[in-house]
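*Asks:* Join these two chains into a complex; the hints should help.
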Amino acid sequence: MSEPIIELRHVSKVYHKGSADIHPLDDLSLTIDRGDFVALMGPSGSGKTTLLNLLGGLDTPTAGEVLVCGQDLAGLSSRELARWRCDHVSYIFQAYNLLPVLTAYQNVELPLTLLPLSRRERREHVVQALEIVGLAERMYHRPDELSGGQEQRVAIARALACDPELLLADEPTGDLDAHSAQEIMALLIALNRDYGKTIIVVTHDPKVARAAHRELHLEKGVLARDVDLRHEPT
Amino acid sequence: MRLLLLNLLRKPFRTLLTVFGVGVALFLFCFLETVLNAFLAGVNMSDASRLVVQHKESIIFELPMSYRALIEQIEGVSSVASASWFGALSQEPGPDGAKREEFFAQFATEVERYLALYPEIQTPPEQLRDLLSDQMGCMLGAQIAQRLNKKVGDRIALRSTIWAQKNGSSIWEFNVRSIYTSDSPTFDQTMMIFHQKRFDEARQFGQGSVGLYLLGIVDPERSSEISAAIDARFANSPFETRTMTEKAFNLQFVSMIGNFQLLLRSVGSAVVLTMLLVSANTMMMSARERTREMGVLKAIGFSDGHVFLLLIGEALAIALLGAVAGVGLAWLMANVLHYNPKPDFFPVFFLPGSSILAAVGLAALTGLASGILPATAGLRLKATEALRSV
Numbered sequence: 001m002s003e004p005i006i007e008l009r010h011v012s013k014v015y016h017k018g019s020a021d022i023h024p025l026d027d028l029s030l031t032i033d034r035g036d037f038v039a040l041m042g043p044s045g046s047g048k049t050t051l052l053n054l055l056g057g058l059d060t061p062t063a064g065e066v067l068v069c070g071q072d073l074a075g076l077s078s079r080e081l082a083r084w085r086c087d088h089v090s091y092i093f094q095a096y097n098l099l100p101v102l103t104a105y106q107n108v109e110l111p112l113t114l115l116p117l118s119r120r121e122r123r124e125h126v127v128q129a130l131e132i133v134g135l136a137e138r139m140y141h142r143p144d145e146l147s148g149g150q151e152q153r154v155a156i157a158r159a160l161a162c163d164p165e166l167l168l169a170d171e172p173t174g175d176l177d178a179h180s181a182q183e184i185m186a187l188l189i190a191l192n193r194d195y196g197k198t199i200i201v202v203t204h205d206p207k208v209a210r211a212a213h214r215e216l217h218l219e220k221g222v223l224a225r226d227v228d229l230r231h232e233p234t
Numbered sequence: 001m002r003l004l005l006l007n008l009l010r011k012p013f014r015t016l017l018t019v020f021g022v023g024v025a026l027f028l029f030c031f032l033e034t035v036l037n038a039f040l041a042g043v044n045m046s047d048a049s050r051l052v053v054q055h056k057e058s059i060i061f062e063l064p065m066s067y068r069a070l071i072e073q074i075e076g077v078s079s080v081a082s083a084s085w086f087g088a089l090s091q092e093p094g095p096d097g098a099k100r101e102e103f104f105a106q107f108a109t110e111v112e113r114y115l116a117l118y119p120e121i122q123t124p125p126e127q128l129r130d131l132l133s134d135q136m137g138c139m140l141g142a143q144i145a146q147r148l149n150k151k152v153g154d155r156i157a158l159r160s161t162i163w164a165q166k167n168g169s170s171i172w173e174f175n176v177r178s179i180y181t182s183d184s185p186t187f188d189q190t191m192m193i194f195h196q197k198r199f200d201e202a203r204q205f206g207q208g209s210v211g212l213y214l215l216g217i218v219d220p221e222r223s224s225e226i227s228a229a230i231d232a233r234f235a236n237s238p239f240e241t242r243t244m245t246e247k248a249f250n251l252q253f254v255s256m257i258g259n260f261q262l263l264l265r266s267v268g269s270a271v272v273l274t275m276l277l278v279s280a281n282t283m284m285m286s287a288r289e290r291t292r293e294m295g296v297l298k299a300i301g302f303s304d305g306h307v308f309l310l311l312i313g314e315a316l317a318i319a320l321l322g323a324v325a326g327v328g329l330a331w332l333m334a335n336v337l338h339y340n341p342k343p344d345f346f347p348v349f350f351l352p353g354s355s356i357l358a359a360v361g362l363a364a365l366t367g368l369a370s371g372i373l374p375a376t377a378g379l380r381l382k383a384t385e386a387l388r389s390v
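If you're matching them up, the sequences are chains A and B in order.
Take 1 as the starting number for the first sequence in my numbering and just add one per residue.
Take 1 as the starting number for the second sequence in my numbering and just add one per residue.
So here's chain B without its partners, still in its complex pose (with noise of 0.2 Å):
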């Protein structure tokens, strides 16, 4: 184990720069694992007993809002909430002073059907008394209303660009009325909710409809029956639907940037060859280079296995400093920090402990890959020839 140690010192600069290059990849690898984290986040965040009932043929149309009693009639659904997008800008300053227009996602919906659908969503009990009796009222994510520096008793405008006002006004105003958090990291807590009655009531064209339905269905496992079910039931009506899982439901927006899954893969893979050739290099010439010494390991007693070990033992040290160094720096950032390159495109941004794992196991791998031909050569070796070495 010394004789490890001190011969990664023995070259502190070249072992330095190894490292350093395997930690540059690992945390390449460990940002590209965030950012598709954060692109998965809503479908992350699914519940396999939820479901989501959309027009059939696009989510752009809506569908009528007597269709929640239908559903609910259904055998098997347990609850149904409205949901309508919303689609507006803050309209808040900036630390400069000048208005600042920044882009959240926001839902005017059945604010207590919503909740008993999402009990991942936590508020305080008086906070939620004093949203649901107040129309002009809405709930805030922890993280926007902080992003936008709002507490419970602001006021908040925004400008839809999608709905005006009776009055033509696409300015709408909100009470602050609860924050909610949650304890789940993947649950986005930068969404605002409010009161559907009061959306419907204000908006210049659309009354009666809704932009989808969310229910919560009693068995998960009967979730293809169940939609097929409210399919049937809307079939050959004015508003057909398409009803799927709230997970298939959020990979509609992911696919529709391509598979961005496979691009982030493929570069993440190219990153981890790049570093496994580096680190291959390395402990090559470093092995060559003491190919005499291990003839004198030999030589005085050690066995192949012996140097096999010690060869392996410090391509798998090197991959490991890397992986500390890497690893732990992007963890730091994300997880810490909470540092968030671009908050209002990812809600939701913290490396996922699934990445950690992967990331240092795919360090370990990089060291077995890149110590075994060293190591096989060294277990070969034979002393008289290695001693014959210059």
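Isolated chain A, as found in the complex (with noise of 0.2 Å):
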């Protein structure tokens, strides 16, 4: 039987825009395992980045419990949880947000210097996760110096230096051409089948979702759908 990775129970989020009020977020719960490869879709407004956003730490739930990793989020300071993230959870951005001014390597290496590592160790971590996005002899160039694809690739790498359980990527694709679209979905793909790693895409496109296993769809804050897909006929 598998292990949750991720528990949500009757998980709500208000937001108060002027004398408004919005609900990304209205009484969700649900499981994801340990392993698993979840796509999250759903049209704009959905809720998707807010639940990526809770999962990883990054808010805070205005009503009900986010355990991730086993951990209950809502019980730790702001100072826990930014190690906590450092220590469990990695992000994959759509633009890629890697910092200009490092090196792909130095980028790959800034989570490591939260860590009692030493040089050697960190570059150890920094050239394997190069390795495995398959840019290690990109490592001395700097962002303006790599294509889209290539960047994405050193976000990946940057997620995976701290080799944390869970991978969250928001639409990781939707910045790239198709064919680096592909590239980076088969990285994905190897990551969870080959490491082992939980992976949450969020996504609007089809093809990336039919990489999943699971798919979740979000409307108006609430699961409207949840597909396994491994049991779908392809």
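Among the hints, erroneous ones may be present.
As the list claims (entries may be wrong) - With a Cα cut of at most 20 Å, we get these calculated DMTMM-like pairs of lysine to aspartate or glutamate:
1. K11(B) - D144(A)
2. K197(B) - D134(B)
3. K11(B) - E145(A)
4. K151(B) - E92(B)
5. K247(B) - E221(B)
6. K382(B) - E145(A)
7. K17(A) - D33(A)
8. K17(A) - E385(B)
Hints are computed from structural coordinates only; laboratory data are not their basis.
*Replies:* Okay, here's the thing in structure tokens:
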């Protein structure tokens, strides 16, 4: 039986915008198993990114419980959350979000500087992460010297550097051409299959969603559909 | 640390301009401090164990020579020397051969007694012996000797603006018998002293009087009591006295030109405030441009404190680089190259260590003050909002 890595219990989120209340998530409960590959879909404003932010501890729910990697995130201070993120969760963004002043190597090394590692150990991690994404030969290039697909691969290497259990990807192929998008998806599939990473991908693209094991459809902050793609005919 | 340095180099021209702005402001601050220190040189070289006795009404009135013996009898006074302001201009040819009149301080005094009161003055024993045995002799400070290109054995001619000789001439000639130096950086090395006896015998008027008395006292804590005793001794006489500490005496001259200290400090404050605004503006602009990056840092595990320290560190680094440039240049000019914009007006011109520390402290404060707003904004910034920013 699979062990859950994520448990959401009656989670709601309310934003106040002027006099109006916005409910991106409304009494949402769900469980995601360790090693799963989940596609999070839904129209704009359905709460996908809010859910991703809650799972990464970047945001806090208005009501309900969020348990990730066995930790109730509500009980952590912002400092503890930062440390917890560093140990358990990594983000992959649509716009790559590499620091332009740093080389690919330095970008990947950045989260490792928060860990008690020697310089040599950091180097081993960085090189390994860059080798996994196939960019070891371009480690001393700055982001402006890389293509969009290469930048996203460096961003994935950065996400892998700390060896997190959970990868949260917010439209990772949204800014890429079809070929690069295919490469990135192949990489994410390999990370899930070969390295056992739990991956949650926010996407609008059905092709991306087809790579996942499970498809969650959000609509107006509630789970409208939960499809297990492993048992769907392809 | 690496990220901090790389962020500074992100827009090198902007960083350079900001560092330059802070540097110029701190250079001006140091320059003003140097000028202020030069103005207060007399005050700073004052010793708490020395008192000055002048005429009660004004320093322009003289006191009888006979007072010296009477002052010596007052309990607590250890030594007394008289001194008269000579007020003369040098008559030396300049580099172009034309006569160059230069002003510097000269005193007629009882040389041996005067030197006993001022242990700061250092001169070779053989030069002192020659000076004491030559009534036409004088002692020059090392700096004025260098400026006038004089060495021991030379003659020097001065035109007094106050004292004429009995033959009607206001030109006085002296033999340079001694050149003094001092280990104290605040001690004036542009003075000249010569024999009171020769001065009194040769001058056209004023015989038997002196400008003031300098005294050494045994216990500096009793200065008020001894001053009161001296003034009481001469109360209701034709020449009443006013006795004060050497510091108070020298401060009189500084106060004659108004509250110069306030003026200079006000200009200095305006300069520092401008520097603060320039630096704060740059820091805020730089931080705003990187809002998204701060969100990324927080998303990958950096704490709010890390982001705060990164931004405040950048502001501090800019301010301290400016300090290295501005204070360093001022120190180089004043203390190493000995640049003095007005040597005859500022006998002592150097940047004191306390001012260097103050300037570096100001730079650090400026860095902190200019960085605190963007750093606090970075601290409070929510990663989710930052990641949405363009």
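*Asks:* Between K247(B) and E221(B), does the CA-CA distance stay at or below 20 Å?
*Replies:* Roughly 14 Å between the alpha carbons, so the hint for K247(B) and E221(B) holds.
*Asks:* Check the hint pairing K17(A) with E385(B) against an upper bound of 20 Å on the C-alpha distance.
*Replies:* 14 Å, holds
*Asks:* K382(B) and E145(A) were given as a pair; does the straight-line alpha-carbon distance stay at or below 20 Å?
*Replies:* 30 Å, violated
*Asks:* Check the hint pairing K151(B) with E92(B) against an upper bound of 20 Å on the C-alpha distance.
*Replies:* Within the cut-off at roughly 13 Å; holds.
*Asks:* Assess, step by step, whether the Cα of K11(B) is no farther than 20 Å from the Cα of E145(A), and give holds or violated.
*Replies:* Holds: K11(B) and E145(A) sit about 18 Å apart, inside 20 Å.
*Asks:* Within 20 Å, alpha carbon to alpha carbon, are K11(B) and D144(A)?
*Replies:* 15 Å, holds
*Asks:* Given the hint that K197(B) pairs with D134(B), does the C-alpha gap stay at or below 20 Å?
*Replies:* Status holds; Cα separation ~11 Å.
*Asks:* With the threshold set at 20 Å, check whether the alpha-carbon distance from K17(A) to D33(A) stays at or below it.
*Replies:* Between K17(A) and D33(A) the Cα gap is close to 35 Å, so the pair fails against 20 Å, i.e. violated.
The structure fails hints 6 and 7 (numbered hints given earlier, in ascending order).
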